[in-house]
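Novice: The residues making up each chain are set out below.
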Amino acid sequence: MASSWCWSCLSRLRAPSTPRAILPPQSITPRLTTASFHSSAVQYANPTKKKGALVAVKYRQGQTLRRKKKKTTERARPPAVGERKALRKRIVLSNPNALEVEGMQDLSSETMIDARLRGSVLGLPVPMLDQLRAVQAFKPKQGWSIFRRPATVLRRDTLEMARLFEKISGEGDAAEKGKVVKKIITGLKGSGKTVHLLQAMAMGFLKKWVVVTVPDARELVSGDTSYSPIEGTNPPQYVQPNAVSALLMRTVEANRQVLSGLKVSQKHTGLPSLKPSSTLEDLAKLGFQDAAVAWPVFQALWTELTATAAAPGMEKDFKARPPMLVTVDGIAHWMKESAYRASDFTPVHAHDLVFVKHFLSLLQNGQASLKNGGMVLYATSTSNNPSIYTLEVALDQLAARQAGTSPSSPEYPSPEAYSGADARVLDLFKPTTGKEPQFELQTLGGLTRDEARGYLEYFARSGLLREEVNETWVGEKWSLSGGGIIGELEKLGRHVRTAAQTTPVLN
Amino acid sequence: MVFILGVNFPERNLLKKSLETFFGVGGHTSSRLLARFNIHPTCRVGELANKQVLDLTAVLSDMKIENDLRREVLNDIKRLKETGTYRGRRHALGLPVRGQRTRTQIKTPVKLNRMERRL
Amino acid sequence: MARPTSNGLVQAFQALRLHSSSTSRPVTRCLARQTRTYATEVEGQPSALETQEQAPAAPEIDFTNFARRPARIVPASPSYFSGSPRFIDHVLQLEQLQAKYASLPTVAAGDAPRMAWFKLAQFRDYVGEPVPMKKYKSLVKILQRLNRIQPEMVPGEVRNTLEEFLRPGNPYAVQHVPRTVDENGRARAKGKRKESTAVVQLVEGEGEVLVNGKSLVEAFQRVHDRESALWALRCTQRLDKYNAWITVRGGGVTGQAEAITLAIGRALLLHEPALKPVLRKAGVITVDARRVERKKPGHVKARKMPTWVKR
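Protein chains in written order, with our numbering: chain A, 1 to 507; chain B, 508 to 626; chain C, 627 to 937.
Check each hint, because a few of them may be wrong.
Negatives, chain B to chain A, calculated, CB over 10 angstroms [stated by the list, open to error]:
id, residue
1, L541
2, I546
3, C550
With a Cα cut of at most 16 angstroms, we get these calculated EDC-like pairs of lysine to aspartate or glutamate [claimed, not checked]:
id, chain 1, residue 1, chain 2, residue 2
4, B, K588, B, D562
5, A, K189, C, E919
6, C, K726, C, D688
7, A, K207, A, E166
8, A, K267, A, E253
9, A, K263, A, D290
10, C, K867, A, E490
11, A, K491, C, E721
12, A, K357, A, E411
13, C, K930, C, D914
14, C, K763, C, E721
15, A, K179, A, E490
16, A, K336, A, E392
17, A, K491, C, E853
18, A, K491, C, E783
19, A, K189, A, E436
20, A, K85, A, E253
21, B, K523, A, D224
22, A, K167, A, D114
23, C, K867, A, E471
24, A, K179, A, D427
The hints are simulated quantities; they were obtained by calculation from the structure and are not laboratory data.
Backbone N, C-alpha and C fix where the C-beta goes; we use that ideal spot for every residue, glycine too.
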């Protein structure tokens, strides 16, 4: 029971002049009509009911203890189906509170090969953002949402890649038109592998290439999309119609401009509903309208895109096909058995899924497959990543080959005996034969100090960082981020307030 | 709503869980059923093609599940009781049948083992 | 060995014979004098009494040599029947020496020459007896007292005895060599914290750090740990002037990071001794000697007691 006294200052004493000892009990005292010194609600509250003996027992009323039933609390409605996932996967590319960085240049065909701009941050062109979103180039938790608009650093690897784009497109000085460059991109956690792919996609869009991407390799092997065996294959191969249809949708969405300008030039016997005069966009659309034909449609689209000449009788409006960019993020998922099961309940190896097999085969016969040239970029991932021993060995072998160790020498890494290495994975990474160019291993390291400085200055100019960005400060952050690992630099850049104060102990 | 073996399932439900609602189909059987018809493990009931539904229904109707299985189990218990075996007696007494301790933790047999066995 | 003993025996017998003859002569002489006083001038006629007196006397018993073996073997040392005779012999010997030379002038304990006495385990090996720690301490106390005798006046006996109790080799003779940067420009230093031990090789460079062959980011996921590991370099603003190659073992993440802090601080001091006040103030070269307190029997944890229950 709340006392009507303020025991700390005894303000109730002021109102009546009667001494405290003979003050009548509260229930009898008339309630105050004027406000006293305290305006607390306590004094105006209804007198609390006395419990127990004071409550008169009514006639014939039970005296047993009556407990109140537990109140059923109103629960908020659970979020609608898919709402949580949508929230989790939501990608925010802009923060209106961040400052606009003045004088920031956009990524364009000129700026991306400009070595003078190395270390500066280039904004992604705004019209391109929809395309990049369509190919799911942005990932949640990449920190796009803290800046005014998405932008990436022009680092050494980016510049090198941009020059390759230039060469393959047949511009530049040493044009290598129609060449295929195949790379496996690895690196530490936070070293910018996925953003490297994003930059590649952006350049692909700038150069009007056809960009085909698998943003998350895991989705194909985690048993989350439908699969069905292909008749007459032994060992059975499986096609994933919904995944292929999603891929077609992504490709069309992102490359609409290019695809709608290209006409069908081959005969596709498997697709009777295809009109001879239709564009490649129409062709792809067939696939995502009906998932059952998605795989044949994808194959048809692939032959169209890699065609060098039209089939006889269809040369009328044949245009040269652009080079292609193929990217896959998180290939480690494709190096193990998938979550799918064959009819006899044995697990299906990822290489038995035709979708996966198609993309992985580009490593061995990329040039044969991509006749118009292009780039194949497969990145490993360090988040939600299976640890696959055979892949580690295979990448070590690749690195050794690149360093000039011959596969017959004793230093050449090989899987340990009884380690149960996966022969199919090792086979995939064996050196290519014939005219086929070798695929390379590209390990992304940290930024250099200058690049790191440019990156941190971008933070400061966006209003996120209130430190003076100078040589020593950047050097310090560079060391703390393990030698310029860009993801760590980002953490340091945005957590600058919480970091300990640098005490200038030296005078 | 999709009918599988005469039972109506909402489309949003997971197929695997839906199959497991049948008496006599557990995780082991349901995952093998899915593999047999090449249905991915996270398939929803609504995603099934008509043929797959028919296939599943056909296989399920051949299996000894639901009331057939119940009847068989009850018959087995009844046989035990009638032949006067120890196990039959334990079933009738509502005590654990397979030599478990009875000092503690016999809630389940107390609940299930009756003269008229519940299933 | 046989010859000297037989010689000794022979000598002993001769001595015995000599002794007996020399003693017998005065007796007879005095007896003769007595006879002269009492008897007549008759000489050369030995009386019956005289003949009786001249019977050969039994040889004197020599208590130093027993003809036969004693009934029981007498131990060489009186402390033979104690639990640790050799130890007690040593103590007695030292006590005797201490008493003997108690009057010699002494120097203060700090001025006495530094002696590396046996460690307890070594002493146990030396005497071959399980000497308790406390008793050995009392022995060392006597040793130290003897060692305090003014060096010029130490008797040879004392010196020899003290030398018996020295450890082989003289650890105090080894001169302490201050660590320096080696010829390759590396400064090597160790640091410990909690259960972790870190060894750092610090060279001049451009701020690259490898921990157990991994980058700093891989070794320490938390930014805080990275900062604390490099705190010595950071608070002196040397982060981009040195490369560190670190091996760290044991303990958890925090312990490893802070062990590295200490090791880098010490290694940095080898490069730049002038930084000592700065590093001291930054708390980098202060050793944190705290360790986890052991759990005791009867306790729930190190200090916590079980709840007291009446009965």
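Novice: Decide, hint by hint, whether the structure agrees.
Specialist: The hints, checked one at a time:
1. L541: violated, 7 angstroms
2. I546: violated, 7 angstroms
3. C550: Check fails; 7 angstroms does not lie beyond 10 angstroms.
4. K588/B / D562/B: violated, 39 angstroms
5. K189/A / E919/C: violated, 38 angstroms
6. K726/C / D688/C: Since the Cα atoms of K726/C and D688/C sit roughly 33 angstroms apart, the hinted pair is violated (cutoff 16 angstroms).
7. K207/A / E166/A: holds, 8 angstroms
8. K267/A / E253/A: Given pair K267/A, E253/A is violated - Cα atoms ~24 angstroms apart, limit 16 angstroms.
9. K263/A / D290/A: violated, 21 angstroms
10. K867/C / E490/A: violated, 23 angstroms
11. K491/A / E721/C: violated, 73 angstroms
12. K357/A / E411/A: violated, 31 angstroms
13. K930/C / D914/C: It is violated: about 24 angstroms lies between the C-alpha atoms, which goes past 16 angstroms.
14. K763/C / E721/C: At roughly 14 angstroms apart (the allowed maximum being 16 angstroms), E721/C and K763/C satisfy the hint.
15. K179/A / E490/A: violated, 35 angstroms
16. K336/A / E392/A: Within the cut-off at roughly 12 angstroms; holds.
17. K491/A / E853/C: holds, 13 angstroms
18. K491/A / E783/C: Not OK: K491/A and E783/C at ~76 angstroms, beyond 16 angstroms, violated.
19. K189/A / E436/A: violated, 31 angstroms
20. K85/A / E253/A: At roughly 22 angstroms apart (the allowed maximum being 16 angstroms), E253/A and K85/A break the hint.
21. K523/B / D224/A: The hint holds at about 13 angstroms.
22. K167/A / D114/A: Holds, because 14 angstroms separates the two Cα atoms, which is no more than 16 angstroms.
23. K867/C / E471/A: holds, 12 angstroms
24. K179/A / D427/A: Distance of about 24 angstroms is beyond 16 angstroms: violated.
Comparing the model with each numbered hint stated earlier shows that hints 1, 2, 3, 4, 5, 6, 8, 9, 10, 11, 12, 13, 15, 18, 19, 20, 24 do not hold.
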